[in-house]
Amino acid sequence: MNRLTRYAIAVIVAMSLAVPVLAHHSASMFDDAKVLEKKATVKELQWTNPHIWLQVVIEENGTKTEWSLEGGSPNTLSRQGWRATTFKAGDVVTVRFNPMRDGSAAGLFIGAKFDADGKAIGRWQ
Amino acid sequence: MTGKRLVLSTAVFAAIFGLTIGVRAQSPRAPLPDWTGVWAMQGNTVFDRASVQPPTGRAGEPGVRESPPYTDEWEARYRRNIELVRQGKFPDPVSTCGTPHGFPRIMNVPDVYEFAVTPTAVYVIAENGPNVLRIYTDGRKHPATEDLWPTYNGASVGHWEGETLVFTTISLKGSTDNDVIVDRTGLVLSDASRATTRLRKIDEKTMEAEIVLEDAKALKSPWKVTKRYVKQPPGTWAWDYACAENNRNPIDSSGRTLTLGPDGKVLDK
Numbered sequence: 040m041n042r043l044t045r046y047a048i049a050v051i052v053a054m055s056l057a058v059p060v061l062a063h064h065s066a067s068m069f070d071d072a073k074v075l076e077k078k079a080t081v082k083e084l085q086w087t088n089p090h091i092w093l094q095v096v097i098e099e100n101g102t103k104t105e106w107s108l109e110g111g112s113p114n115t116l117s118r119q120g121w122r123a124t125t126f127k128a129g130d131v132v133t134v135r136f137n138p139m140r141d142g143s144a145a146g147l148f149i150g151a152k153f154d155a156d157g158k159a160i161g162r163w164q
Numbered sequence: 086m087t088g089k090r091l092v093l094s095t096a097v098f099a100a101i102f103g104l105t106i107g108v109r110a111q112s113p114r115a116p117l118p119d120w121t122g123v124w125a126m127q128g129n130t131v132f133d134r135a136s137v138q139p140p141t142g143r144a145g146e147p148g149v150r151e152s153p154p155y156t157d158e159w160e161a162r163y164r165r166n167i168e169l170v171r172q173g174k175f176p177d178p179v180s181t182c183g184t185p186h187g188f189p190r191i192m193n194v195p196d197v198y199e200f201a202v203t204p205t206a207v208y209v210i211a212e213n214g215p216n217v218l219r220i221y222t223d224g225r226k227h228p229a230t231e232d233l234w235p236t237y238n239g240a241s242v243g244h245w246e247g248e249t250l251v252f253t254t255i256s257l258k259g260s261t262d263n264d265v266i267v268d269r270t271g272l273v274l275s276d277a278s279r280a281t282t283r284l285r286k287i288d289e290k291t292m293e294a295e296i297v298l299e300d301a302k303a304l305k306s307p308w309k310v311t312k313r314y315v316k317q318p319p320g321t322w323a324w325d326y327a328c329a330e331n332n333r334n335p336i337d338s339s340g341r342t343l344t345l346g347p348d349g350k351v352l353d354k
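Top line first, the protein sequences correspond to chains A and B. Take the first sequence: its position 55, counted from the start at 1, is 94 in our numbering, and no numbers get skipped. Take the second sequence: its position 79, counted from the start at 1, is 164 in our numbering, and no numbers get skipped.
These are computed hints drawn from the structure, not numbers from a lab. From the three backbone atoms N, C-alpha and C, an ideal C-beta is built for every residue, glycine too. A couple of the hints might just be wrong.
A few chain B positions that, by computed beta-carbon distances, are all more than 12 Å from chain A [unchecked claim]: (1) Arg-114; (2) Leu-117; (3) Arg-150; (4) Thr-156; (5) Arg-171; (6) Gly-214; (7) Asp-232; (8) Ile-255; (9) Thr-261; (10) Arg-279; (11) Lys-312; (12) Thr-321; (13) Asp-325; (14) Glu-330.
Selected chain A positions facing chain B (Cβ under 8 Å, derived; list incomplete) [said to hold, decoys possible]: (15) His-63; (16) Asn-88; (17) Trp-92; (18) Gln-94; (19) Ser-117; (20) Arg-118; (21) Gln-119; (22) Ala-123; (23) Ala-144; (24) Ala-145.
Below, in silico cross-link-like pairs of lysine to aspartate or glutamate (DMTMM-like), each with a Cα-Cα straight-line distance of 20 Å or less [said to hold, decoys possible]: (25) B/Lys-286 - B/Glu-246; (26) B/Lys-316 - B/Glu-295; (27) B/Lys-174 - B/Glu-160; (28) B/Lys-354 - A/Glu-105; (29) B/Lys-312 - B/Asp-348; (30) A/Lys-103 - A/Asp-71; (31) A/Lys-82 - A/Asp-141; (32) A/Lys-77 - A/Asp-130; (33) A/Lys-103 - B/Asp-353; (34) B/Lys-174 - A/Asp-141; (35) B/Lys-350 - A/Asp-154; (36) B/Lys-312 - B/Glu-295; (37) A/Lys-73 - B/Glu-146; (38) B/Lys-174 - A/Asp-70; (39) B/Lys-316 - B/Asp-348; (40) A/Lys-152 - A/Glu-99.
With these hints in hand, go ahead and build the complete structure from the sequences.
Here's what the structure looks like:
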């Protein structure tokens, strides 16, 4: 592995470990002291600025609810290895996120692990 | 001296003097520095990370603050803003996707930067926003006061000291009612603010901006803040950033930042 490759990997690893950045608005609505982990089915990935939104359906106690999980900008996420096709409708994943303080069905995306191959994206240690 | 000799001497003097002037006018300056590539700000978006408390605090978290040398009046104003942050009612004005970050905040944004160096100007291009800071280096002075009006990024002129760009920024809009902020801890400056910035590459992977802010209304003394930017791997792309493309976080009349569902309806309870 040459120096350039090691440098590139170091930068990508550092960025993947970084706390999610909401570049254009206050994140005060999210409870960063609380992390929820839920099994979910992907409905849609909105690969848009200023933030991406992962729409997932979470079933609990027989009730299905659509959740909106907000992430960084596609610009920054693409440099961390994400693509517009990273999540596809129907993917079954386990997602981690900081929920809204008021309990509404939204949160700040932290990471996800795909059931199909066990691969993870975002922060997932 | 005969008339012919006088004419000849004058012609020789004029030729030598003119040649000297010409050489001076055309003498090449030192080569411009190589600031090519894509750069990302080091650390989070707390503007003055040297004074932030707690040291790991992030902009927008309740209770996080820095220590600019504010006057009593502006310290009180900062404290009011910190309280609004705590209440979740300190909206980021750029959430509207309609106004620029402004200077000095443009030097303090996430995503990436490019520093375009030309013989007559340097352009700091922030992907986030997007925002552009123009710094003219062609020898011009700032416009006369009567030719200026307050703007988000103000007016910047600079010169090279070796490979360091030194520029001054004036005519800034400043904050009237938190409509222009420096960061989300609640930092604001007035329309009397101005800055002298030294921008340079300190090693092959690091750019540094040393910003000295003065503000006759808000600050008791100059405030020096240093920002650093790390070079990203070769071939890194900076992308288009269209803030209004899918903005699901509008601000309500109370200053609260809302969260919209995919159907555009407010999710907040």
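Outcome of the hint check:
1. Arg-114: At about 32 Å from chain A, B/Arg-114 clears the 12 Å cut-off, so the statement holds.
2. Leu-117: The assertion about B/Leu-117 holds, with a minimum of 25 Å to chain A.
3. Arg-150: holds (15 Å)
4. Thr-156: Nearest chain A Cβ is 26 Å from B/Thr-156, so the label holds.
5. Arg-171: Incorrect as stated: the minimum Cβ-Cβ distance to chain A is 9 Å, not above 12 Å.
6. Gly-214: Check fails; 9 Å does not lie beyond 12 Å.
7. Asp-232: holds (33 Å)
8. Ile-255: holds (27 Å)
9. Thr-261: Its Cβ never comes within 12 Å of chain A, the nearest being 19 Å, so this holds.
10. Arg-279: holds (26 Å)
11. Lys-312: The claim stands: B/Lys-312 keeps its Cβ more than 12 Å from every Cβ of chain A (closest is about 16 Å).
12. Thr-321: violated (6 Å)
13. Asp-325: Contrary to the label, B/Asp-325 does not stay out of reach of chain A, its closest Cβ about 8 Å off (not over 12 Å).
14. Glu-330: Non-interface label fails for B/Glu-330: nearest chain A Cβ at 5 Å, not farther than 12 Å.
15. His-63: holds (5 Å)
16. Asn-88: Since the shortest Cβ distance to chain B is 5 Å, the answer is holds.
17. Trp-92: holds (7 Å)
18. Gln-94: holds (6 Å)
19. Ser-117: Holds, about 7 Å.
20. Arg-118: At about 6 Å, which falls below the 8 Å cut-off, the nearest Cβ of chain B leaves the hint on A/Arg-118 intact, so it holds.
21. Gln-119: It is violated, given that the least Cβ distance between A/Gln-119 and chain B is near 11 Å, above 8 Å.
22. Ala-123: This hint is violated: A/Ala-123 lies away from chain B, its Cβ roughly 12 Å from the closest one there, beyond 8 Å.
23. Ala-144: holds (6 Å)
24. Ala-145: holds (5 Å)
25. B/Lys-286 - B/Glu-246: holds (13 Å)
26. B/Lys-316 - B/Glu-295: holds (17 Å)
27. B/Lys-174 - B/Glu-160: Cα-Cα ~19 Å, so holds.
28. B/Lys-354 - A/Glu-105: holds (15 Å)
29. B/Lys-312 - B/Asp-348: Violated: B/Lys-312 and B/Asp-348 sit about 40 Å apart, past 20 Å.
30. A/Lys-103 - A/Asp-71: violated (25 Å)
31. A/Lys-82 - A/Asp-141: Violated, at about 23 Å.
32. A/Lys-77 - A/Asp-130: holds (14 Å)
33. A/Lys-103 - B/Asp-353: holds (19 Å)
34. B/Lys-174 - A/Asp-141: holds (15 Å)
35. B/Lys-350 - A/Asp-154: violated (31 Å)
36. B/Lys-312 - B/Glu-295: At roughly 7 Å apart (the allowed maximum being 20 Å), B/Glu-295 and B/Lys-312 satisfy the hint.
37. A/Lys-73 - B/Glu-146: With a Cα-Cα distance of about 14 Å, the restraint between A/Lys-73 and B/Glu-146 holds, given a limit of 20 Å.
38. B/Lys-174 - A/Asp-70: holds (15 Å)
39. B/Lys-316 - B/Asp-348: violated (39 Å)
40. A/Lys-152 - A/Glu-99: holds (19 Å)
Against the hints set out earlier in the document, violations occur for numbers 5, 6, 12, 13, 14, 21, 22, 29, 30, 31, 35 and 39.
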